[in-house]
Structures are given as structure tokens and as C-alpha cells.
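Student: Each chain, letter by letter, is given below.
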Amino acid sequence: MRRGLRRAVAATAAGLAGLSLAACAPGDDAGPAGNTSCTNEITKPDATRVTLWAWYPAVEQIVDTFNAQHDDVQICWTNAGQGADEYGKFSTALEAGTGAPDVIQLESEILPTYTILDGLADLAPYGAAALEDQFPAGAWSDVSSGGSVFAVPVDGGPVGMLYRADIFSTYGVEPPTTWDEFAQAAQDLRDAGYDGYITNYATNGGAFNYALFAQAGWAPFAYDPARRDQIGIDVDTPEARHVLSYWEDLIDRGLVSSDDAFTSDYNTSLVDGSYAVYIAAAWGPGYLEGLSDADSGAEWKAAPLPQWDPANPVQVNQGGSALAVTSQATDPEAAATVAMELFDDEETWKIGVEDAGLFPLWNLALDAPWFTDRRYPFFGGQQVNRDVFLDAAAQYPGFTFSPFQVYAYDRQTMALYDMVEGDSTAADALATIQDSLVRYAEQQGFTVR
Amino acid sequence: MTSTTSAAPATAQRARPAGGRRGQSLLDTKRQWWGWLFLAPFTVVFVLFLLVPLGYAFWLSLHTKGIATGGESVFTGVANYVRVFTDADFLSGMARVGRFVLVMVPIQIGLAVAIALVLDTLATRLSKASRLLVFVPYAIPAVIGALMWGFLYSPRFGPANDVFGLFGLAAPDFLSRDLVFGSLVNIVTWQWVGYYMIIVYAALRAIDPSVYEAARLDGAGNRAIAFRIKIPMIASSMVMIVVFALIGTLQFFTEPTVLRSVAQGAIPTTYTPNMYAYSMAFSYSQFNYASTIAFALGILVFIGSYVFLYATRKQSGLK
Chain A
1 MRRGLRRAVA ATAAGLAGLS LAACAPGDDA GPAGNTSCTN EITKPDATRV
51 TLWAWYPAVE QIVDTFNAQH DDVQICWTNA GQGADEYGKF STALEAGTGA
101 PDVIQLESEI LPTYTILDGL ADLAPYGAAA LEDQFPAGAW SDVSSGGSVF
151 AVPVDGGPVG MLYRADIFST YGVEPPTTWD EFAQAAQDLR DAGYDGYITN
201 YATNGGAFNY ALFAQAGWAP FAYDPARRDQ IGIDVDTPEA RHVLSYWEDL
251 IDRGLVSSDD AFTSDYNTSL VDGSYAVYIA AAWGPGYLEG LSDADSGAEW
301 KAAPLPQWDP ANPVQVNQGG SALAVTSQAT DPEAAATVAM ELFDDEETWK
351 IGVEDAGLFP LWNLALDAPW FTDRRYPFFG GQQVNRDVFL DAAAQYPGFT
401 FSPFQVYAYD RQTMALYDMV EGDSTAADAL ATIQDSLVRY AEQQGFTVR
Chain B
1 MTSTTSAAPA TAQRARPAGG RRGQSLLDTK RQWWGWLFLA PFTVVFVLFL
51 LVPLGYAFWL SLHTKGIATG GESVFTGVAN YVRVFTDADF LSGMARVGRF
101 VLVMVPIQIG LAVAIALVLD TLATRLSKAS RLLVFVPYAI PAVIGALMWG
151 FLYSPRFGPA NDVFGLFGLA APDFLSRDLV FGSLVNIVTW QWVGYYMIIV
201 YAALRAIDPS VYEAARLDGA GNRAIAFRIK IPMIASSMVM IVVFALIGTL
251 QFFTEPTVLR SVAQGAIPTT YTPNMYAYSM AFSYSQFNYA STIAFALGIL
301 VFIGSYVFLY ATRKQSGLK
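Protein chains in written order, with my numbering: chain A, 1 to 449; chain B, 1 to 319.
Note that these hints are calculated values from the structure, not bench results. Computed from a predicted structure; not experimentally measured. Hints are supplied without guarantee of correctness; some may be wrong.
Stretches of chain A that chain B covers, calculated by requiring three or more beta carbons in the stretch to come under 8 Å of a beta carbon on chain B [what the hints assert, rightly or not]: (1) 144-152; (2) 379-385; (3) 403-409; (4) 414-424; (5) 434-446.
Positions of the beta carbon are idealized from the N, C-alpha and C atoms, including for glycine.
For reference, chain B alone in the conformation it holds in the complex (with noise of 0.2 Å):
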């Protein structure tokens, strides 16, 4: 698909004739209005909606508002930046969701992929509905599923004394400081494990089976098949569903401000950086440092994508 794309304007280029440039190039600009008309609904709610307010949150990086000076902004550059990126309760963020993403994202995206893996040498009746069934938390909103995991976290409410009590033994709570981590791997990994399956399972369903065959006869079995061949087939749809897992887990937001609601010690509002962000702008009304708060992180996780991506050039297709 990537080499089809990039071929087209690729021969279309090489076509155009040096000569007769001036009617050539009328044409083009005729094409290039046409072009705009058809790109600018898009075009209007991309800078409506996304270039304005980026580049509006970026001026209000650049100043300060103290409460203490009557509410007046003043320029103060890069002030904020310096202190964002000296600021301890960032940086603790910035460290515990970085703990998040080496944890989250291989049981993620190993879980998903064995999944995947299975369910793509069934093709039995089961082989559907398990599918469906790893699928079906995607599509119960984050908010819901994450008050849903809160209540059977619940000591009181939940299901873990029950079943711990069957041993004799008292269930641990989930919400203190030592476990919350794990619990918010937990959720994140069960509402996101079905997501990414389905696009690597997709992925093996678009490999040619002659290629499976040709290997039977040079004597793989089927261990060999998936990890000699399978997984190197689809090292493109992993390196995108990794990047999905990297972006995803950096701005780790909502899951835990819902948790917070029952466990407001073991989460603080800066938690992650994106809860920090938000508790800045909402709750302390320092709109301009929360910008810088979103700003820096936006810049981190511009800089752990493209390392990633250029680290996986190779097995994306990116070169």
C-alpha cells in the first residue's frame, strides 16, 4: 500500500514534458484552486480548531500571570520552560509515566500480538467470538470502564475479599500507593489489549497463505511460521500500534483521574503530567503554566516518538 502511494505522483512528475510549461502550469493553478475548495472543510476546522488554539496555548506559555500582580500577563520567553522542566512534580510525572510505558506497553503489545497469533491459526466458530470478546472492552468508554475497574478495586465493593477469602487470606487493596500502579496497568491493558490485536490480526489476514506453504515444505513448523515469518510480516503494523501504546501512555490522563476520585491520596493531582496540566489550568487557574506543562510534554513525546521511529525505520517501512 505505502509503495502505491508514494508511486503515483512519483511517474506523474516524470510525465510532465518540459515543454509548454506556461499552459502546464495554468492548468496546475486551476488544479491547485479546485484542490484547496475540496481540502477546505478540512483545512477550516484543522486551523480552527487545531493550529489556533495550539498557537494560542503557546503564547500563553510564553507569559506569566501571577495571582499576586493584579492579574496582569507579562512576556517572560522561555521563564516558564526553564521552571517546567526544573519542577519536581513534573519531572516525578514525567518519570512514573515513563515506568508506565517500559511496564504497559509490552504486556500490551506482547499480550496482544500472542492473541493475535492464536486466534489467526484457528478457524473455528470460537476462534470469532473470542475475537469479539477481547475486542469488546474498546468499545466501552475509558471513563465508564475505569469507574467500573474503581468498584471492583472497592474493598468494600469489590469481589477481591470474596475471592481471597475462599483461601482464608485478606484480599490487598488495590488503591493504596504500593498497587495502584499495577491497577492502572490492569485497566489500561484490558481496554486496549482487543484494540490492538485486531490490528495486528488484521495485519496476519493480509500476508499471503502461499508464503506459510512454501515454508511448510522447507520444513518450518508452526513455531518457526510465526516467529520467523509472521512477525517479521507484519514488523509495520507493530511499530505503528507501539507508537499508538508510546503516545497513549505519555499522556496517561484518564484513567487515573477517574481512580483519583476513590483514592485522592495515592493519586495527587500530579500524578502524570497531563493531570498536572489539568489541575493547574482547572483547579489553580494558572492557565499559562499549565500551557507550558502541555507544551513540554508535547515536545517529550514529539521527541520519544521520532526516536522510536527512527530506532524502527527499518521494520516500519519508513526507509
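Isolated chain A, as found in the complex (with noise of 0.2 Å):
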């Protein structure tokens, strides 16, 4: 019996390990709740105080900003994390029912994800909507459905091709401004010699590689806020063949890499001369400043994102971000107040463009003539908001992403990387991808169209 007891108390214990991770699953708070500690000073104790996790760099500046400007409301700043890392903290925060901040930083694109969750207020009823015409069309219909607004748009990622004007004067190659002009170009480069590729193409740039398809028309999602139990998923159409065929080819040809994104070899391969070409967002070249072991002779420029047809240029967007008002906010009308008018002024965005390196979509720092004119010195002096990145975001139609969005880019990059690696094509990948995000809406009581 003692044995037996014993024997039994040892495959427990080992069954309870397996278990463990269930056990911590539910019950792990995120950070601040309440008001709890601040990053930030508040001078002014007896004001309202309003939560807020943001990543922006050079955050702290604009939250004092805010704070000296307000006497009845005070944020109390904390960086949760970038992107991914704070999205799993709110997401735990909202199925604990506590633990959230109030306001809350988020790329547009991960906005139905938290809409069909109630994890966002409709900032509507405090008069958010009457914002409209202070941003770009593009913008606002990321974060606005029918009559609801979910998040007030901050920052943008507007499209264009940073490249390295030294390596393509060196190999007497012109810089591409179609995406044919750019394949016949790789080629060029390395029959001149050069031993670097033109670009990388990243199985793991989920938003990246978002924005390259949409460039051809791809619209993968028919989703409504109001309508949450239905879903369009058309992921695999021939616009996306046509787009991930071209990079398939010209990864097979050896002219593209595929490394993975945002690793310390990729960083150092952007500056260092073994990438020719950098297809970035707005907010690209503050990233590539951040770099280091870059290579002392270069000379970036900016262009437009190459076309598929030039007679009908499509502008892209990846990435930026919007301020939303969390549905735990203990104060939603303070919280409102602190989404829309965190980024309303001059002085606050001359910090967020010169510190911060941030892309303002507010027309009326898009309009203003420090920031069209501003000469970037990393680009030699070029004025790259008014050559490149003006037109992209008044260009942006906006983009229709999945309320499981996380889900879609996980799928995406083991997709894309079975392609690269050469088991599958690109037909193969997008039914895949195709597939399983059906599948996924379907076990998620999505009637899928």
C-alpha cells in the first residue's frame, strides 16, 4: 500500500508539472492597475489621474507636455512593452476583468482584434467623432467603423524604399521605381559584382508583408464590427499569388535573402551594406539611426515604394499607431479626453517628429510647413516627407484587418517560411494560410463567407 502510495504521489507529482502552466494561465495580473506606480512625476496629485501604456520614444516628453498643459487631468505613464509583448498583457488583463490601464497605445491593426473582445470604448459619445477631418481618410477609417471610433490615430507607417544611393552608383545600377525595374535591377547588382542583395524578404514581417500585397489590391478580410459573428476570408487570391511570386522567384534566384526580421543579424545586415534596399514605413529611418556597426560611408535616400503599374500608383501602410480607451478605464470620459488631445498640439508633435522619429498623421502637422520642409540629415539634407511620404499617407485607402490578427501573422510566417525553405510554393503557402485561418474562424463560431 505505502508503495503503491508512493508510486502514485511520484506520477502525480510529474502529471502536476505538465499541469503547471495551466495553473498560471488565468490568474497573472498585468502590471499597474489602478494608480499604481507611474513612470512619469505627476506634479499635480489632486487631478484626475488617467493610466496609459505607450512605447512611443520620447513618451515621457510628451506625457509632461500633457501634464503641465492640464490641470484637471494627469497621466500616469508606464511602457508595458512594444507591440506584441504589451497586446499579451492587455489581452490577460481583459480576461482577468482587471489590471488594464485606461488608455492604451495600439497599432491599428490589432484594433477589431480588441473590439470584438469589448476591450475598447466607443469614443464617439465624447465627441471623437466630430475629430474626423483632422486625419487623412486612410487613417481614420482604421479606427473608425459606422458610427464608432475605436482609437484616435497617432502615428502612421506610410511606404516608401529607403536605399543605399553609394551601392547603386557604385554598380552604376539607377534606382527602380516599378517592381519590375526593381527585379531587373537586383540582377544588375550582382552581375556588377555586388555581394550583397537588393532586399530581404522577412517570413516573420507580418505587417510588412501585409502592406506588399495590399500594394497589388489584396483585401483578405470582409469584417464588420457590428456584425461580429460573420467573416470574409480570402486570403488566397490572385493578387497574392502574383505579389508572393515575384519574391519566391526572386528569393530562388539568390538576389533576395530571407533572413528573419528584428534579430541583431538583421539590424546590423540593414546598415552594413548588405542590403542595398530597405522597404520601410515612415518610421524606418528612425529605426535604422538606432542601428550601430553601420557602415561609415553610406548615403541613404528615400524614394517611392516601387509600382506594379505605374499609371496607377498604390500607396501602403505598415504599422503606426492609435490611442484607444480601454473598456476597464475607471474614468472613460477623462481617458477620452487624454486620447484625443495627447497629441493635439504643435509643440507636442515636434518632439514626437524630432525626438521621436514618429510620422504625425494630424493634418495639421502634415500641413505645417517644420515638417514638410524638415531636411533629414541621416538622408544628407533630403526632404524625404515631401519627396516620399506625404503622398503615401494621403494616399492610404486604409486596410480591413482580422478581429484574431496575431493568429493570421503566426500562420502567415510558418507559411512563408515553408515556402522559402523550399517545401512549398506560393500557391501552396497562401492556401495554407487560407486554410487554416477558415478553420480558426470556424472553431471561433465565425460564420465564414
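Now that you have both chains on their own, put them together as the hints suggest.
Tutor: Shown next as C-alpha cells:
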């Protein structure tokens, strides 16, 4: 008996150890709730306090500016991680029913993921609908739906082509303006003896790959927050196949590398001349400037994104963010004030542009000469906003993301990695993504159209 | 040690006289209350942080909350379990950790035993230093160790290119799909061999040296002593470390999760069942299904450990 018991205990312990993960799933409280510690210093303790999660560079200065301008509301700011790190905490807080901040910085691609969970407050009752004409149309359509406004746009990621002018001139190749020219330039650079790659196609570049597909007219999701049980999934389209085959071909020919993005290796490759082109959103230059081991002789220039059809140019967006009020906000009205007013003056935007490297989605900044004519030392004094990004932002039409975007990106990475490893083709990859998303959506209770 | 602990209560039971039961049981009850009091600190922690969360997770696993159905939690019984055991991602993750068990456990245990046997026969200062050196990787937190190896494997920052360059070769990409398995085996082995070695070594030191003397008199050489005497005598410790290694490997999580930050393609979110459960919960907000995955994994780990303990019951002294 005793021996049997011991054996059972040993085996149970073994089993329990396996379950310990289940044990930590629900209770894990995320970060500061309510009025706990703030990273910034609050000088007006009697004012209503609004907690904020945000990861902008220079956000502390921006918060201090807001707090100095307002006597009734004060922001208590915390950096809960960038992107996915913050989303993990926010999702957990929503599940737990407590622990979320009042205001949160989110990328617009993730908004449907939280609106469907009732994680975000509609800002229309607090006067947000009236702000529509302050923002570019595409950016506004990303944060609003019907009469509802789920977030206030802050910064955007209109996509352009950053390239190494010194590499192109050394090898006597003209910077491309269309994708056909781009493929030719890739071959020409290689033929001329350039031993790097014209650019990198990262299988884990979720939003980036979406932007490239979208440029060819890809609209994978049809989703309306007012009809939450319905979704249209159309990932595997001729447009997407065309774009993905194009990259598959360049990778197969060894002209484009397929390194993972956002690793130290990749960061170094971006700036040491391994890649001649960095197709990047407007926040890309700020990212490049922060990287070490850069080529000392590098001459960066910005140009518009290459086009499929130069007669009908299409502009796309990657990333950028908005401020949303969470459903757990203790004082939604004060929180809405913060979301709407944190970035609504020039003083703040000068910090945002000059110190944080953000691209404003606020018409008054977009039209201001200090922004449009700004010369960027990184680009040898080029006025990159005027030359590239302002047009890209103005012509971006908006994009519908799915309410399970993190899952969609992960599946995309898996399928694209199979493709670049040679285990499948572009068409297979898209079909795999389509199947897995449809199955997932059905498991989640959607009627898939 | 096993025999003494189990013998004590047995004698106590036998000593209890049949008569005067009433007085005894009163004393027993009193004793039991004191016992509970002493157990209380542990019991509170055990119930609060293990049993209650486990129960809650099990409750979650029996419910389903689709994101499209208004966040309403519906009781679905074993539906989630049916789904998980037919889920290709879960099953391929299970198969992968199964392969890790087949490769990683023998390598780790073999190395640990070999090193312990060598160190056991040496009595020099060198052996003490080597013992420490082999053990040190275990003292490094798993996350730090994995991060460190991530850099060592990096094609650009790692030393592999320089080393292979000496022979005019290009270094392999340790983070590619084909090699990442071996790279992970290497990290785990590096980290855990020292720990298992210490356990085996301690067991070896506990053997009475007179046994060796007797063996020598009977004409046994060093090799015969190692394989015929030492290893059979430490069989129960061996079973224990294999169980540790087995459970640890089936729950493989930390190292692949850390390496994933530099190899998102080669290590997908479904790489191991534990990683799959983690991403289900914290990336996709699927707490119900994540609990089911965790429970399913727990059940399989339980079965695996039970089968192993049953198969080795003679060696481990459980029988």
C-alpha cells in the first residue's frame, strides 16, 4: 500500500508539473492597475489620474507636456512593452477583468482583435467623431467603423523605399521605380559584382508582407464590428499569388535574402551594406539611426515605393499606432480626453517628429512647413516627407484587418517559411494560410463567407 | 533510506494495542490536530497556488469561449479534448518532444554517468575543479543560457564562422530548420549534464568502498567494477534522473521560446505543446483551449512517467 502510494505520488507529481502552465494562465495580473506607480512624475496630485501604456520613443517628454498643459487630468504613464509584449499583457488583463490601463497605445491592425472582445470603449459619445477631418481619410477608416470610433490615430507608417545611393552608384544601377525595374536592378547589381542582396524578404515580417500584398489590391478580410459573427476570408487571391511568386522567384535566384527580421543579425545587415534597399515605413529611418555597426560611407536616400502599375500608383501603410480607451477605464471621459488631446498640438508633435521619429497622422502637422520641408541629416538633408511619405500617407486608402490578427501573422510566418525553405510554393503557402484561417474562424464561432 | 522511513510507521502500527482503543484514539485525534497545524503553512500554499488554479484550469478546459460569440463561456464537456487530440499542431508538437526525449535524454544521462564515473575514480584536485566546471552551466539561469547560445549560434556574431573559416569552410546555420533541433539538444545538454552528474556522483559516493575491495579480490577490473557494481548499485538514482529528464523534455519550453526570438521561422509557435499552449493563451486570448492543451500535455506526461516508473520498478526500488 505504502509503495503504491509513493508511486502514485511520484507519478502525480510528474503529471502536476505538466499542468503548471495551466495554473498560471488566468491569474497572471499584468502590470499596474488603477493608481499604482507611474514612470513619470505627477506634479498635480489632486487631478484625475489616467493610466497610459505606451512605447513611443520620447513618450515621457510628451506626457510631461500634456500634464503641464492640463490641470484637471494627469497622465500616469507606463511602458508595458512594445507591440506583441504589450498586447499579451492587455489580453490577459481583459480576460482577468482587471489590470488594464485607462488608455493604451495600439497599432491599428490590432484594433479589431480587441473591439470584438469588448476591450475598447467607443469614443464617439465623448466627441471623437468630430475629429474626423483632422486626420487623413485612410487613417481614420482604420480606427472607426460606422458611427463608432475605437481609437484616435497618432502616427502612421506610409511605406517608401530607402536605398543606399552609394551602392547603386558604385555599381552603376539606377534606383527602381517599378517592381519590374526592381527585379532587373537586383540582377544588375549582382552582375556588377555587388555581393549583398538588393533587399530582404522576411517571413516573420507580418505587417510588412501584408502591406506588399495590399499594394496589388489584396483585401483578405471582410469584417464589420457591427456584425461580429460574420467574416469574409479571402487570403488566397490572384493578387497575393502574383506578389508572393515575385518574391519567391527573387529568393530562388539568390537575389533577395530571406533572413528573419528584427534580430541582431538582421539589424546589422540593414546598415552594413548587406542589403542595398530597405523597404520601410516612415518610422524606418528612426529605426535605422538607432542601429550600430553602420557602414561609415553609407549614403541613404528615400524614394517612393516601387509600383506594379506606374500609371495607377498604390500606396500602403505598415504599422503606426493609435490611442484607445480600454473598457476597464475608471473614468472613460477623462481617458477619452487623454486619447484625443495627447497629440493635438504642435509643441507635442515637434517632440514626436524630432525626438521620437514619428510620422504624424494629424493634418495640422502634415500641412505645417516645419514638417513638410524638414531636412533629415540621415538622408543627407533630403526632404523625405515632401519627396515620399506625405504622398504615401495621403493616398493610403485604409485596410481591414481580422479580429485574430496575431494568429493570422503567425500562420503567415509558418507558411512563408515553408516556402522560402523550398518545401512549398507561393500558391501552396497562400492556400495553407487560407485553410488554417478559415478553420480557426469557424472554431471561434464565425460564419465564414 | 527508503527502508527506514517506511519501516517506522509500520512498527508504530503494530505496537498499537487492541485494547484501550478509546483513550488512544483521543490522543490520536489530538495528535492529528497538531499535525494539521504543522502542515498548515504548506497546505495553504499547496491548495491556494496549486490545487485551486489546477481546478480552475480544468474548469476552463471544459468550457469554450469563441471570440465571435460575444465572449460567452459555454460548457462543452470534452469537446476541447477531442479537438486537442485531433489537432495537427498539438500532435506534431508532441511528436517533436517525443523525438527530443529519444535523442536528448540518452545523451544527457550517458554523459552525466560517464563523467560521474570518471570523477568518482579520480581523487586529485583536478577532479574537484572539473566537478565544479561541469556543474556551473546549471547555475546559469535557463533564459540567460539560451540567450547566450543564441548569440553563439548567430552567423554574424557567433564564433562558428571564424572556426570553420580556419579550414576554409563556411559555417552551417545553426538556426536553420534542419539544425535547430541539434542546437536545442546542445543547449539543454550543456545546461543539465552537470546537475544529473552531481546526483549520480553523490549516489556513487554513498556506496561502501568495501564492496569494491571485495570485487577486486574476486578479480574484477575497473571496467567490471563500473558496469557490474557501480551502475547497478545506483540504479534508483538513475531512474530518478531519467524521470526528471523525461518530464523536463516533454515540457520543453524555455530554450525554444528564447531561441525563437532569433529564429521565428525555424521555431514556430507550435514547436512544442507547451509553447503552443502559451501562444494560445497569451497571444490569441484562447484561455480555454490553452488550458485544454496544458491538461492534455499533463495527462501524456503522467502516462509517460507512469509507464517508465512501472517499467523500471525493480531498478528504482519502488517494488
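Student: Are there hints from earlier that the structure breaks, and if so, what are their numbers?
Tutor: 1, 2
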